[in-house]
Amino acid sequence: MTAHVLKLIVKNALRHKLRTALTAAGIVVAILSFGLLQTVIGAWYAGANAASDARLVTRNAISLAFPMPLSYASRIRAVDGVAAVTHANWFGGVYQDPKNFFAQFAVDARTYLDLFPEFRLSEAERTAFLRDRKGAIVGRKLANQYGFKVGDSIPLRGTIFPGQWEFVVRGIYDGGKPTTDTSQMLFQWDYLNESMLKTFPRRANQVGFYVVRIENPDDAAAVSRAIDEQFKNSIAETVTETEKAFQLGFVSMSEAIVVAIRVVSFVVIVIILAVMANTMAMSARERLAEYATLKALGFGPGFLATLILGESVAICAAGAAAGIALTFPVAAAFSAKMGTLFPVFHVELATLVMQAAAALVVGLAAAVVPSLRSARISIVNGLRHAG
Amino acid sequence: MGEARAPLVEIRRLAKSYWRGGQPVPVLSDINLEIAEGDFLALMGPSGSGKSTLLNLIAGIDKPDAGELRVAGEDITRLSEAELADWRAANVGFVFQFYNLMPVLTAFENVELPLMLTRLARRERRERVDMMLSLVGLAGRASHYPSELSGGQQQRVAIARAIVGDPRLIVADEPTGDLDRVSAAEILHLLQRLNRELGKTVIMVTHDANAASAARAVIHLDKGELVAEP
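Protein chains in written order, with this note's numbering: chain P, 16 to 402; chain B, 26 to 255.
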């Protein structure tokens, strides 16, 4: 019986090949768009998702734009529960043209790499980076985008830190996880600080943010409070939060955009639901006499509902399969086109599950009304549609 | 009606109305009728006389407003929708004016449809369907789709579908209404064979006096009432 039902469902779905193909094409586009938009949202949260539970970020309480003294490092290190501390500054330089945006950080190289083990670098490259005052490492994605190779020189025009800066690529790091940001450039904090000492001494020995590794992630709140307590009523009070909260702070700045993208992604699904419902309503209306005949032969309303629901789900499944399959190459092309705007841009398993679930919901919802109508129609009335 | 055989269909004071514009329109009133097992009865009458309605009631695809309707001793007016569906599957074979075959199924698959509701194994179903297609002279057309068959052939497939479940009663609503004279004669001959050789009780609605002449008995309806032959 099941095989026959499946056969009938497939044959019904292929009865109007053009209509089915157009509907399925609509579903492909909708599911693909949905997946792509969900991936964009995922990319927005990539930094937060990649954050470690064992890392805290300490910044100036006024804003990230205000620095803190380098001397805070030793006091933070002395707080109970702190395992290691590193510091960094956002550099904000321009590579050739302002549109060539990518993140650059001046980092205390040795400790920074220790705290971020997901930045995978060969031992030789690491050594070369640590030895060279003007050395820099770049992520694989960034290197691919601009064609940076080891030994290349990267000139940057400083905006926050004025002047022309020259860095030499000493290594290219890979991500330890798919969510690791490989679109950054890291260089020696000491190089930046020495330059500041010469040109703007008042800006020397100032740190943009500290990254703290804690011994136990469960103690994050207590350690954060203890660090901030250290600097209460000082000239640079601090705010310490988990790395995830720190990253989400950036996302919240553009939350309206994220909400808009999320809404649009669901609107796309609602539109295709309307299209699919129309297709199924047309199909069911055309077949009323057949459904009445089946009922006359003894088939129950459940059988008719199965046929209609099955056909709807089959068309959606075909469209969704193609849409999901296309999501990968389209997302890759989109990511390449966007460059380092989205440091991490990959299709997550959750997105695939949501795509499949959306297609299933569309398939079932589109068939509900036609199924009910067909199941409820009287045989006598249905047979009048014949001929 | 019929001879000394036991009645298969017993109808007492049957009435049926349809609602149009909020008003009941009587279609059948005070129908009393017995149809013997093995009979071949033609129901004739002008359009709107209620003959198709009476056929639908006997076949269990419509419900009367009043009266008794027993088929093989079972009062089918008391059955629920689900019980009626099971009853139809077991007892009634349908032949429609426009054949009502599933266009996406082959002749074989169309004939096999009613057997999907049985517990028959695949091999048994195949044997039965092959036998029915042979009986209606379409053994070589099993894999053809309805669109590849003539009207007469499609109606023969419909007849094979009607009898594949071995029902006691075959109801045919204008079975020759959409056919040319030759095909119509073939269909009527086939219905006669089913009646004579297999003992099926056949009730046929028709406008056509020639078609009615194939039946063993003819009854007339006019304005919802049984009338003497005009």
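These are calculated hints, taken from the structure and not from any lab test.
C-beta atoms are modelled at their ideal positions from N, C-alpha and C, and glycine is treated no differently.
Please note: incorrect hints may appear among the correct ones.
If you want the footprint, here are the derived chain B segments under chain P, 3+ residues with CB under 8 Å [unchecked claim]:
(1) 82-90
(2) 119-127
Sample of chain B residues facing chain P (criterion: CB under 10 Å; computed from the structure) [claimed, not checked]:
(3) Leu58
(4) Ala110
(5) Met141
(6) Leu142
(7) Leu251
Short derived list, chain B residues pointing at chain P, Cβ under 8 Å [to be verified]:
(8) Gly46
(9) Pro49
(10) Pro51
(11) Leu138
(12) Asp233
Item to check | Hints breached by this structure | outcome: Structure breaks hints 3, 7, 8, 9, 10 and 12.
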